[in-house]
Amino acid sequence: MRNPLIKRIPKELKGDFAKYIVLFTFITVMVGFISGFLVASGSMTQAYDESFEKYHIEDGNFELLYQADEALEEVFEQEKINLYENFYYDKETKDFESTIRIFQNREEVNLVCVMEGELPAKEHEIAIDRMYAENNGLEVGDVLEIGDKSLTTTGLVALSDYSALYESNSDMMFDALKFGVAVVTKECFDTFGEGGLHYSYSWNYDERPADDMEAKEKAEELLELIVEKAVITNFNPQYANQAIQFTGNDLGRDGMVMAALLYIIVVIIAFIFAITTINTITKEAMVIGTLRASGYTRGELLIHYLTMPILITIVSALLGNILGYTVFKDIAADIYYQSYSLPTYVTIWNADAFVKTTVIPVLLMLGINFVILANKLKLSPLKFIRRDLNPRQKKKAFRLNTRIGIMKRFRLRIIFQNMPNYIMIIVGIFLANVILLLGVAFPALLDKYQTDIASNMLAEYQYVLKAPLETENEGAEKYCVTTLETVDDKLRSEQVTVMGIAPESEFVDISFGKEEVYISDSYAEKFSLGKGDTLVMQAEYEDKEYQFTVAGVYHYPAGIAVFMEQEYFNEVFEYEAEYFNGYFASTEITDIEEKYIATKITEDDLTKTSRQLTHSLGSMMDMILVLGVVMYMMIIYLLTKIIIEKNAQSISMTKILGYTNGEISGLYVMATSLVVIGALALTIPLADRVMEYVCIWMLSEYSGWIPYYAPITAYLKMIMLGVVSYAIIAFTQYRKVKRIPMDMALKNVE
Amino acid sequence: MFLEINQIKKHFGEGDSRVEVLKGIDVEIEKGEICVLLGPSGSGKSTLLNIIGGIDSADSGYIAINGEKTADMNEKKLTQYRRKHLGYIFQMYNLIPNLNIKENIEVGAYLSDNPLDVDEILHTLGLYEHRHKLPNQLSGGQQQRTAIGRAIVKNPDILLCDEPTGALDYNTSKEILKLIEDINKKYGNTVVMVTHNDAIKNMADRVIKLRDGVIRKNYLNENKISAAELDW
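Chain order of the listed sequences is A and B. Taking this note's numbering, the leading residue of the first sequence gets 2, the next gets one more, and so forth. Taking this note's numbering, the leading residue of the second sequence gets 44, the next gets one more, and so forth.
Check each hint, because a few of them may be wrong.
To spell it out: a stretch of chain B is covered by chain A in this simulated footprint if at least three of its residues, at any positions, have a beta carbon under 8 Å from a beta carbon of chain A; those stretches are [unchecked claim]:
(1) 85-99
(2) 111-123
(3) 148-155
(4) 170-179
Mimicking DSS-like on lysine-lysine, the simulated pairs with C-alpha atoms at most 30 Å apart in a straight line are [to be verified]:
(5) K737/A - K127/B
(6) K284/A - K176/B
(7) K409/A - K737/A
(8) K127/B - K739/A
(9) K739/A - K120/B
(10) K112/B - K737/A
(11) K739/A - K119/B
(12) K379/A - K176/B
(13) K120/B - K409/A
(14) K221/B - K737/A
(15) K112/B - K252/B
(16) K52/B - K739/A
(17) K737/A - K120/B
(18) K409/A - K119/B
(19) K545/A - K20/A
(20) K384/A - K176/B
(21) K739/A - K112/B
(22) K228/B - K252/B
(23) K409/A - K127/B
(24) K409/A - K176/B
(25) K377/A - K228/B
(26) K150/A - K123/A
Simulated from the structure, these hints should not be mistaken for laboratory data. We put the beta carbon where it would ideally sit given N, CA and C, even for glycine.
The task is simple: from the sequences and hints, build the whole structure.
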């Protein structure tokens, strides 16, 4: 015969519908959201991984000052490495402010995926990157004004070597608003002329390296060979090319973070289930005792009490998965498409996502509830009948100072009585605060970073020249600049801008002592360096190491930089005493030809990171904020509901004694209010520390450095959100207290 | 008249399951009286007590204490009525489990502007040495004494007792009844006690017998004896 206790399940569901619907909805939405992300990122990762073969993505690229000669081509032939021309122009668009990198349509390497429309076939046609087009409101058929040309957009495309639109590999972040890529026909490409042509080459090994370490060794050998034959200005092996690698790394990392978030939430929900079930067991102790005395086994009762949490988890996880594959997958895909220029993808069944979003949560729920409930149910039938459920019960209640008023002592007793609930509330508030802080502080962090950069730029215009040319620009100041790399075990070194500053500089306010070196605060913070520490760096394309001792830290948030006197710079890098290769200027320099300018750095260039992060993470942060608030409200609602229900008989009795609803709420709801306020005060600083580590971890993968910052307004916003959310819960609990009937004390006997 | 019960009617359920629990009860009780409500299960005695206590409402009729009618009171006023005039003692004590003995009594004291001394009551009830214990660490009799302490600490005009000895053994029951009697003597509260134990009527000033929602007998007990002399 089937266990008749099963008939209680629908009644239990009906009896506590509010609790179950809240938990069911929350798990469903969480699983749906995360499953959607995992499915989208899994499908996109597959499309991304396949794109290496499908679109013949290069093993690396390099750029030369002049076109490669036969000697260099011979080197590649001897080394059995295929070399491809991948020349490009960087052009400014006329109708809106942006740079577009124009390539000739590719046929052998780094092939193009057409997302909409078609590739250009005529001289006045162009196909542009889909994301850049969306960000700038461009559609197929639109005419793009570039220099003196008007080009009609024939297609929206994804260039396989630009899944992340990094203009330069040393950029901290790509900027898909102000930088895009495009392809044109050979005829069109040739009409741009020689000015501004970048001699970029891609290579592919005949025999591909087995892993990144081997790729690094091969790339280093290749670099030595190229340096011998040509003047190299840029060298990006595939493993270190952010435009290719960043997307793949980010897709993987997102999945990891999402799954970890789900597990934490499931563990909290499992404890909430366990606490509510223990509450039910306490209420039903006499029935349990009687059933046990009648012959029901502990296992049968354990299965009975485990059924609801497991059933709710399984059903909500399955529904969540269905929503994940349908609704949420598209939302997640949209978020990825807002960030990356990915090729088209096909949704694939993701067993890993199913395990992460269904199997593991169900096992976590089962494991936690099994351990807690089995422990509770191991008492003898007699103890259940006598309602003697706490084997560790103390002989006396611990004493509270009687000079404290009875109402305060009453509240303290409620807090101590419900400590497991309150601990869960504190843990839940802490977690919700971490999520809320991410939602409120991250946009502020980016804003502050952007403002800080803008107000601490070295100059309005900063130029790096290909040759030391003079200018008539008033106030322009010469300086020297080169790029070194940090030396550590990482696959990708960090680039360090080393600047030689003129004496009495108008742009850099440092009083250098003899042979003294200062570092930017970004450098100092990212690498935990300070005055007296030794910097070890190496030249980018040669085997030469440099060591300096830090004399001080200079406030320059825009990058990882080293400052020294121009004279010392020229001495260290073996230039002539008068050498310079750049200008700081307050106005644009117009008397140096574009072809002699390697880089022009303005505020736009320095703030691209914050712009792109705001653009790609903006909508995500809003969702995170909502998630934090919902989680906060759900945890507090469920746990305070339990506290009120658990004390319903005492509440009923205090009503009979003559306590008003306000006074009773002052006891039971206020006790929770005190814990919530205490938890907010306690967990906000803790959440702040956690967020600092999370931000450092998240941002450490980027070149450069964004310091952690959470403004006081972020905390105020969090407190406000916390208080307002709690006020809603407190109001519902007040109504619950009000609705407890007085005859409950008469009906239920202990 | 101190406590006036006038034409109280009450029913539960509807249709076929409608039961008339009280069918027009009229009683007058003087201040300081011990009134025992006797009757078998289902006679309506606890319902009447709950209506007097303002925790249940009558279909018609009214309760008046010193001329103040409970039927005219809204929820707020009823709360104040209970707070000002009533002390309640139940069969199953209904102590607050997470408060110790002293705190349970203090919960009652908080409601009064002029409460009795809590420590004195603890001594009177023989609970002083147990004052730091939790209710579930005491015997049934000790818990009931705590409930009495909580009820009397605010020195209420009326002490409503619903089967106060129903869960206790013979000796403890007599102890508790003696305590109620002593309190009545000492503080002059009116006591309305519901019981199905016929012997208890002997300690009452007034005896009211209920059956099927109507008063069968209502008389002053001229042969009243002390609770200590009760036997059953």
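Comparing the hints with the structure gives:
1. 85-99: holds (count 5)
2. 111-123: holds (count 3)
3. 148-155: It holds, with 6 qualifying residues against the three required.
4. 170-179: Held - the segment 170-179 of chain B has 4 residues with a Cβ nearer than 8 Å to chain A, which meets the minimum of three.
5. K737/A - K127/B: holds, 25 Å
6. K284/A - K176/B: holds, 22 Å
7. K409/A - K737/A: With Cα atoms ~22 Å apart, K409/A and K737/A stay inside 30 Å; holds.
8. K127/B - K739/A: With a Cα-Cα distance of about 20 Å, the restraint between K127/B and K739/A holds, given a limit of 30 Å.
9. K739/A - K120/B: holds, 15 Å
10. K112/B - K737/A: holds, 29 Å
11. K739/A - K119/B: holds, 12 Å
12. K379/A - K176/B: holds, 27 Å
13. K120/B - K409/A: Given pair K120/B, K409/A holds - Cα atoms ~25 Å apart, limit 30 Å.
14. K221/B - K737/A: Violated: K221/B and K737/A sit about 40 Å apart, past 30 Å.
15. K112/B - K252/B: Holds - the C-alpha atoms of K252/B and K112/B are around 24 Å apart, at most 30 Å.
16. K52/B - K739/A: holds, 27 Å
17. K737/A - K120/B: Since the Cα atoms of K737/A and K120/B sit roughly 21 Å apart, the hinted pair holds (cutoff 30 Å).
18. K409/A - K119/B: Measuring from Cα to Cα gives roughly 23 Å; hence the hint holds.
19. K545/A - K20/A: Given pair K545/A, K20/A is violated - Cα atoms ~67 Å apart, limit 30 Å.
20. K384/A - K176/B: holds, 20 Å
21. K739/A - K112/B: Holds: K739/A and K112/B sit about 24 Å apart, inside 30 Å.
22. K228/B - K252/B: Holds. K228/B to K252/B sits at ~24 Å (cutoff 30 Å).
23. K409/A - K127/B: holds, 22 Å
24. K409/A - K176/B: Between K409/A and K176/B the Cα gap is close to 19 Å, so the pair holds against 30 Å.
25. K377/A - K228/B: violated, 49 Å
26. K150/A - K123/A: holds, 13 Å
Comparing the model with each earlier hint shows violations of hints 14, 19 and 25; every other hint is respected.
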